[in-house]
Amino acid sequence: MAGQSENISRSELWGGNGSPFRISYGKQWMWMFLVSDALTFGGLLTAYGFARHQAPSWPIGEETFNAMPFLGNGYPLLYVALMTFILIVSSVTMVLAVEAGHRLDKKGVVKWLLLTVVGGLFFVGSQGWEWYHFIHGTHYGSILTPEGWAVVDYNTANELILRMGRGLTVTGAEAKALFDGATATMQGANLIENEYAPLVPQYANFFFFITGFHGFHVFSGVVFNFIILVNVIRGVYDKRGHYEMVEKVGLYWHFVDLVWVFVFTFFYLL
Amino acid sequence: MERDDLIQDNNYSVSANHDEAHGVAIRKKIWKVTGILTLITVIEVLIGAFIKQYDAAGEDNFLWPYVKIGFLVLTVVKAAYIVLIFMHLGDERKSFKWVILAPYILFIAYLIFICLAESTYWHEVFQGENSINP
Chain A
1 MAGQSENISR SELWGGNGSP FRISYGKQWM WMFLVSDALT FGGLLTAYGF
51 ARHQAPSWPI GEETFNAMPF LGNGYPLLYV ALMTFILIVS SVTMVLAVEA
101 GHRLDKKGVV KWLLLTVVGG LFFVGSQGWE WYHFIHGTHY GSILTPEGWA
151 VVDYNTANEL ILRMGRGLTV TGAEAKALFD GATATMQGAN LIENEYAPLV
201 PQYANFFFFI TGFHGFHVFS GVVFNFIILV NVIRGVYDKR GHYEMVEKVG
251 LYWHFVDLVW VFVFTFFYLL
Chain B
271 MERDDLIQDN NYSVSANHDE AHGVAIRKKI WKVTGILTLI TVIEVLIGAF
321 IKQYDAAGED NFLWPYVKIG FLVLTVVKAA YIVLIFMHLG DERKSFKWVI
371 LAPYILFIAY LIFICLAEST YWHEVFQGEN SINP
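If you read the protein sequences in the order shown, they are chains A and B.
For the record, in the first sequence the residue sitting at position 1 is 1 according to my numbering, with numbers rising by one throughout.
For the record, in the second sequence the residue sitting at position 121 is 391 according to my numbering, with numbers rising by one throughout.
Because the hints were derived from the structure by calculation, they are not lab data.
Keep in mind that this is a model prediction, so the values were computed, not measured.
Hints may contain errors.
Stated by the list, open to error - Residues from chain B that keep clear of chain A, each with C-beta distances beyond 10 angstroms, as calculated: (1) 324; (2) 332; (3) 342; (4) 386; (5) 399; (6) 400.
Unchecked claim - Derived lysine-lysine pairs resembling DSS-like cross-links, with alpha carbons at most 27 angstroms apart: (7) A:111 x B:299; (8) A:248 x A:107; (9) B:322 x A:111.
Said to hold, decoys possible - To give an idea of the interface, some chain B residues facing chain A are shown, with a C-beta separation under 7 angstroms as derived from the structure: (10) 298; (11) 300; (12) 314; (13) 319; (14) 381.
Glycine included, each C-beta is placed from N, C-alpha and C at the ideal position.
So here's chain B without its partners, still in its complex pose (with noise of 0.2 angstroms):
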């Protein structure tokens, strides 16, 4: 059986091998996005820490729904940086991308729809104004 995984030519363009001033580059690149991706965790560790959820009277302080979007903001951000430079695949054809990236994120954003609508149903329903709990 022929082997495919014996690269003879340069046709696999992310598998070819490159020269020592073509890595200097590419090492360049990979220790700005290690700061990149440092410099993301520091500042969310940083609004973790110091912005309460709830203010002194223990009611729901006005900041947090912006702190938890700029949460998920910076998350998606990072998650950006591995998948495209770190895992290559923002160097990929175009097309190989898409067949990564398109069925996961139309399934994931349904996924993410379906749950969040039912539990709001349910929350309405054990915690509600006219909820099952006495």
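Bound-form chain A, shown alone (with noise of 0.2 angstroms):
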């Protein structure tokens, strides 16, 4: 797709009536928006960076998101795997819209444009979920045990089991000592206080800040996809004798994967 361009001059090039960078004007500024947009990510995340790396402790992300949807726990990192795979796929649809568009081909962008709404959607449902369970927390919460802040956890045989933080846990008669000399309890979080990270409040108002913020993002795009959706089902692109309007919003559909690829890694794996 790529070289009818390269073999001009650089006078024609430069010498006015047409863009230098063989582009036109709109997906230029796409691209100027998205970069600002992403530095606002950037600067989003390196604050969270700047948070983490002082803090005396973070919780570990496969311990904090290990739920599924009616399964329960224990499985960890696999549902948000499944939203990552999930944005993943629909950016793959979107790319096959613009891929269609190129060749005037109105059904097929039709067909791959939908599926990417829709995939688009159930991310947002998804990040809905993880956004309820993250509020509503675990079944028993943590306690503040004489010796720290517990989270509370209950084995198949329905014996005790204290989460002391870095992996470590507490369990039998021990345990039971311990959560006996409790003297506070915390269950799920909010803007002031978390459950996942007792001393360090600030990890829940990262994490709602910055996924709420991507979330707002895939929300206009799921927007964006559903208008430009309808024009092309109208006939609109068709009439202009080229899809390029697909490849504007395509363009913002691919930067919500990218940032979401950066976001799962911070706040998921590391």
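Could you fit the two chains together into a complex? Lean on the hints.
Rendered as structure tokens:
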């Protein structure tokens, strides 16, 4: 698809009468917008790194996010991996819609763009579930034992397990003694306190703000894609002779996927 | 006013329409990249689920710093595939590619450096040997 413009002389390229980048005005400024938006997300994630690097401790991703809808706990990172996969697939259907647009294949564009919208809705829904679960908290919450904060859990044999942080667990009589000596409890997460990291309340703030800001981008992307889908069905771009609008919203949609790749790494993996 | 979103000639390389034969090659590339992105995500999740940050005694796992670097490298590889292939930046003219990438990389590298340096200092203030916490 590239190459048609590679053999243009310098004087012709920069001599006016067209974009020296050989790119349309709309697409160029979509890119400029994406750069500025990427700086916003870069700033947010760097601020997250700042807070995390100076904190005494930080929750472990696979312990905080180990729940599946309908199945309960014990599935580390599985649900968020599924969400990531859904978003990647919706990015793929988007790029297929763009490709169909280059062939002026209206039916193909409608099919792939519709699938992209559905994938986006699935992702937003998953994020809603994830937030609900994060706010609601684990079944038993956290308690303040004489040896510090601990997350309360029970194994399949209904025996008490205390997760003391840094991957350490306490069980049996020792756990019972700590449990009875608890002086405070905490459940779920909000902007003031959270049971996942009782000593670093910023943890939940960053989670809400960054995944929320990303979720808002996904939601706007779904709306944009839907508007363009309606235009495609109405034949607006057929009449225009090219499907560049699909490509422009496609850029935005890929960008949303791109940001999620980083959010996934910093919030869930590291 | 003249509308510049109307593309009449084939001068805009990536926007130029292509035929079915060309489309087959592009779709093949798209599916290949899909496979790579999925594979990387699966590897990341498996590493995340099975390699622990701390060992049984609660000490730092000696593997973890390498795992961390590995995650960052895999993330950048994924990002590169999305930007260069899915967003077609690799197919744009070189001048445009660097207008987008160079300022961003420069600024973010600076921001990461300054934030890490500053937070290392704050870590020392709050949690270090001579911290202000009693």
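| said: Between the alpha carbons of residue 111 (chain A) and residue 299 (chain B), is the straight-line distance 27 angstroms or under? | reply: holds, 20 angstroms
| For the pair supplied as a hint, residue 322 (chain B) and residue 111 (chain A), is the alpha-carbon distance within the 27 angstroms limit? | At roughly 43 angstroms apart (the allowed maximum being 27 angstroms), residue 111 (chain A) and residue 322 (chain B) break the hint.
| said: Checking one constraint from the list: CA of residue 248 (chain A) to CA of residue 107 (chain A), max 27 angstroms. Satisfied? | reply: holds, 19 angstroms
| message | Next item in the hint list is residue 298 (chain B). Is there a CB on chain A closer than 7 angstroms to its CB? | response | Status violated, d = 11 angstroms.
| Regarding the hint that residue 319 (chain B) lies at the interface with chain A, is the smallest CB-CB distance below 7 angstroms? | holds, 5 angstroms
| message | Beyond 10 angstroms on every Cβ pair: is that true for residue 400 (chain B) relative to chain A? | response | Check passes; 15 angstroms lies beyond 10 angstroms.
| said: Does residue 324 (chain B) clear chain A by more than 10 angstroms, comparing its Cβ with all Cβ atoms of that chain? | reply: violated, 4 angstroms
| query | Against chain A, is residue 314 (chain B) within 7 angstroms by beta-carbon distance? | reply | Interface hint status for residue 314 (chain B): holds (6 angstroms vs cutoff 7 angstroms).
| Is the shortest C-beta separation between residue 381 (chain B) and chain A less than 7 angstroms? | Holds - the Cβ of residue 381 (chain B) comes within 7 angstroms of chain A, reaching about 5 angstroms at its closest.
| query | Are all beta-carbon distances from residue 399 (chain B) to chain A longer than 10 angstroms? | reply | For residue 399 (chain B), whose nearest Cβ neighbour in chain A is about 14 angstroms away, the distance exceeds 10 angstroms, so it holds.
| With d taken as the least Cβ-Cβ distance between residue 342 (chain B) and chain A, does d exceed 10 angstroms? | Check fails; 7 angstroms does not lie beyond 10 angstroms.
| said: Please check whether the beta-carbon of residue 332 (chain B) is more than 10 angstroms away from every beta-carbon in chain A. | reply: holds, 14 angstroms
Consistency note: the structure conflicts with the earlier hints numbered 1, 3, 4, 9 and 10.
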